[in-house]
Structures are given as C-alpha cells and as structure tokens.
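Q: Residues per chain are reported as follows:
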Amino acid sequence: MNPFWNPRFWAKTWLTTWTTGALGALYFSDLILAHQLDSVLKPGYDAFGRNCLTIALRATGETLLVILPWSLILFGLAMAWTFLKSKLHRSAQESKTQTEWFSDSFLDLISSLPGLLIGLSISAYFKSGWISFGIAAVLILFPPLARFFQGIESSIQNQNFYRSAVALGAPPRYLFKNYSWPELLRGLHSIWPMQISRLILIETSFSFLGLAPGTGVDSWGRIFFVGKDYLLEAPWIMASAAVPLCLTLLSFHLLSRSEQS
Amino acid sequence: MNSRLFSFSAGPWRLGLEILVLAAGIWILSRTLIYLVPGDPITYLAHEALVDLSPDEFRSRMDLHQSLFSRLFAFPTNHSLITGRPVLPTVLQALSQTLILAFLTLVQWCSMTFLGLWLSHQSASIRKWLLRGSIALASVPLFVLSPLLLLFFAVEIPLFPVSHNPILPSFALALFLAGYWFRIISSAIDHYEVRSAKVGAEARGIKTFSVFTRYLFVPSLGTYFGYFGYQVSVLLNGSVLAEVIFQWNGIGSLLAESITNRDYPVLEVALFFVTTIGLISLKIGTALQRHWEKRLQ
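Chains as they are written, first to last, in the numbering used here: chain A, 6 to 266; chain B, 100 to 396.
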C-alpha cells in the first residue's frame, strides 16, 4: 500500500515532526519568549508580541514534560495491580469471589469519581501541581487500564501452558515474568496512544483552569484560556494551539485504532 | 468474612446499602480533607483564603468550632468564606442548574447518537463518513469546540445568547459524548447483527425503523448501561469546562470558582454532591446492566 494513503503514516509523521519542534522549542526557550512589542496582536503574534507558533511548540514541550512521567507511573501502577491481584487470586483459592468482589468494587468506585473535579479540588488544598494532576490522572485512567490488563491476564491464565506451569509449581513471579509480562507489554503497545491522548486532555484542562503543573509558563490550556478572549480580534492565538492539539489527538486516535485492529 | 454477604443476589437492598456506605465514606472524606492540610487548618486557611477574616470567623464559617464527630454527623451549616451565605442552598441551586444542563445534554446526545446510527444503518457510505466524523469529533477537545460554537452560533449568527443559556453548552457536551458513543454502539450493533432476528423480522414485513430499533439498537444497548452510568461522571468532568466557557452557573462553575477563590466551605459540600452523584449513577447503571443481561439470557 502507498504510504501516502495510509493515515498511520501521516499520524507518525505529524507526531515526530511536532514533538521534535517542541523539544527544540524547550531548548531554545529564551529566544522564544522574547517579546516584540511592535508585533502585539498582529497576525501570528499574541497579546504580548510573541510568535504564536513557537509559543505553541514550547507549550507542547511543557505538556510532554508533565505527561510522560505520569504515563509511566500509571502503566506501572496498572501492571503492579494486575500482578498483585493474580498473586492474591492464586493464594486465596477458597475466597476467589471475595477478592474479585473487592477488586471490582474498588475499580468501580474509582471509575465513578469525577477525577478531574477531585484533582482540581485537591489543588485547592495542596497547591496546584504534580500531585493534583497526578490524582486526577490516576482516578480517570487507572480503572480502565487496570481492567484492560486484568483481561489480558485472565486470558493468559486460561491457557494450557499457564495451567501446566502452575501445576508444576512455578512461583507467581516466574509466571508473571515469563508469561504475563510479554502479553501485557503487547497490550500496552495497543493502548498507549489512547492513554497519552487522554493525559494530554487532562493536563490541558488543568492548565485551562489555571491549575497547571510544571513551571507555570504557557502551556496549551493557558494559550486557550488567553486566546478565547481574543477570539474575534486575533483568532490565530487560539488557532496556533487548537490546530496542533487537534492534529495530535487525531494522530493518537488513528494510531490507537490501527494498533487495536 | 461472611460469605452470605457475597452470595445473595444484587437486589435493590444490596445496591442501596452499597451506595449508602460509599456515600458515607465520601462524606467523611470531604469533611476531613481540611484536617489533612499541613499544619493547623485555621492558620492554613488564613494564609490561603482570599478574604481577611479573624480566626473565629474562619472557625464559624467552616464549622471548625464543632468537634470532628459533630462535623461528620451534623447537618452542614457552613457559610461561604467569600459571600458569607449558607453553602447548602447555594450548592443545591447550582446542582439544579447542572441537572438542567445534564438533562438537555442527555436528550441531545441520545438523539444525535440514535440518528447517526440509524443513518449509518441505511447506507455504507454514510456509515463510513459518520465514523470518520466521529473520530474527528473525538479529537476536538471541549475547550476548542465550545468557543467555536460560541463564535458561530452566538456571535456570527446570533441564534443563542452568549452566556447564561444551557442550549449551547449542552450541545457542545452532547457532541463531545456522541462522537465516542456512536463508534462504540455502532461496533456493538455490528457484532450483534449476526445473531439477531433482523432477517426474520424483515421477512415478516416489519418496517425498517422498527426492525432497527427493536431487533438491533435496543438489544445492543443493554450491555452498555454500566458505561452510561460511568459517563455521568465524565459529563460532570466536562461540565466544569463547559460551564466556565458558557458562564452557566452550575456546580462545575461553582467548584471552579471556589477552587480559585479558596472557598473551602463551598468546596467541601459541592465535592460531596458531585462525587456521590457520579457514584450513584455508576451503581444504578451497573445494576441495570446486570438485570438486562439476565433478561437476555
């Protein structure tokens, strides 16, 4: 198939190009933040005389710095939950129903909580930043991720090779490392684009409401927050952030669909 | 652990008990959150709050003059740090506004999703374009979509007021949700169609609309009742942004304001209501899903 007709090709190209630009913008941030007072609100410049495109690139870099560590933490938490649950399951044969009930109820409870609102509320008590963003990200993303990994683990546990290994007395750590871990990684490969896109949305929502983690310099959400006030006079301010954000989210959605198919 | 607790069927009594226990836990958490701040809560409030009040005034407005036990088990008599008005009526009024918004969103969301599914069932090319449209819609966040809707339908073509009107924010939220749900239910219908009684119904001369609704749409929908409950908390999350942008005085906007103004009494009570509503909707959705699946079996 011609790669130019493949949406996955364009998604990867966009993500590679934009991310490279964002990392470059982070490196040269002193140059980017320079104000050109004679260009205030001119096409391509914001209300402070800064180039909108470079500000958007830098905002992407800021967002990446926040979401990438939390994505690793979330994946780690979900894998640890899966490992602990399967270990508990095997060691508590007579009370499987109870462990299942507690596990499912716990995930249901977390799913039901409006994570974004709770994260925002936590930021009022404990300062906005990594903790409040992390709490919102965990509340929103951990339950579906944990359930996804649990589903993979359950399907592996029903395989004959796994049952044979259990019957032969293989310890839980051996089973997880040699049988579950490769399958979980494969599952992660199919699900990570969707999770990254959701993390971007959570971070952007936080910064839109003025509660951004990170250094506090313009992030995507702050550009939207400022840009909406200049929507009629200077629509390029908002467009400079909106277009790359929508293309990034679309790329992640397309990658996610192609991974799952 | 008493196994009988886990063996009886998930009837309404057990559902009610679960909701009651979890709501109590959420209430305790929301009322004790202030004690988790570093140091003395009054000193912390005096430092963080945007109003200049005496420590006694803080204690009174936050109900901190009561013991923890009284605070947990008494009716909340908090007063706002900013306005001085009782919190409970303010929160209940904001909640009613959000419920109006949620109801309108639900009506529009269900209508859009059903219409999209019905049209996609008619023609493969319409289905292809609707699927592409839903992916594109899922890639446009609410805080991008909302100002655009405001620009087109309130400024350029002044069909709706710019602020304090629920139509545009509910439309934005409905679009945000419909894009995702269209793909989910469309996929469910495709999976179900193979084993459905659709062919027999069409052979009997039943109208296409009735065949689609009774033999495809409704049976496919049942397995997603649990997710509908979960979507209420997604709706509450999204309502914060929609209410801030469209200046609709709902509970999302009240929460955002109280966070910015560090109005802790309002935050405590509003957080409890929002969290409990999300929990109740998920539990009811899950119970409906179990009931539906039993009926299908």
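None of these hints come from the bench; they were simulated from the model. Where a beta carbon is used, it is the ideal one built from N, C-alpha and C, also for glycine. Among the hints, a few may not be true.
Stated by the list, open to error - SDA-like cross-link-like pairs, simulated, lysine to any residue; straight-line CA separation at most 20 Å:
(1) Lys233(A) - Pro249(A)
(2) Lys17(A) - Val239(B)
(3) Lys90(A) - Lys233(A)
(4) Lys227(B) - Leu255(A)
Stated by the list, open to error - To list a few chain B residues with every Cβ distance to chain A over 12 Å, as calculated:
(5) Asp162
(6) Leu171
(7) Phe172
(8) Gln192
(9) Phe202
(10) Gln221
(11) Lys297
(12) Gly337
(13) Asn360
(14) Tyr363
(15) Ser380
(16) His390
Q: Decide, hint by hint, whether the structure agrees.
A: So, going through the hints one by one against the coordinates:
1. Lys233(A) - Pro249(A): 16 Å, holds
2. Lys17(A) - Val239(B): 19 Å, holds
3. Lys90(A) - Lys233(A): Violated, at roughly 46 Å.
4. Lys227(B) - Leu255(A): 17 Å, holds
5. Asp162: Non-interface label stands for Asp162(B): nearest chain A Cβ at 16 Å, farther than 12 Å.
6. Leu171: 18 Å, holds
7. Phe172: Non-interface label on Phe172(B) holds, nearest chain A Cβ at 22 Å vs cutoff 12 Å.
8. Gln192: The claim holds: Gln192(B) sits with its nearest Cβ about 18 Å from chain A, beyond 12 Å.
9. Phe202: Nearest chain A Cβ is 18 Å from Phe202(B), so the label holds.
10. Gln221: Per Cβ check, Gln221(B) is outside 12 Å of chain A; nearest 24 Å; holds.
11. Lys297: At about 25 Å from chain A, Lys297(B) clears the 12 Å cut-off, so the statement holds.
12. Gly337: Violated, since 8 Å does not exceed 12 Å.
13. Asn360: Answer for Asn360(B): violated, closest chain A Cβ roughly 9 Å.
14. Tyr363: 7 Å, violated
15. Ser380: It is violated; Ser380(B) is separated from chain A by about 7 Å at its closest Cβ, not greater than 12 Å.
16. His390: With a cut-off of 12 Å, His390(B) remains clear of chain A, as the shortest Cβ separation is near 16 Å.
Of the numbered hints stated above, those contradicted by the structure are hints 3, 12, 13, 14, 15, listed in ascending order.
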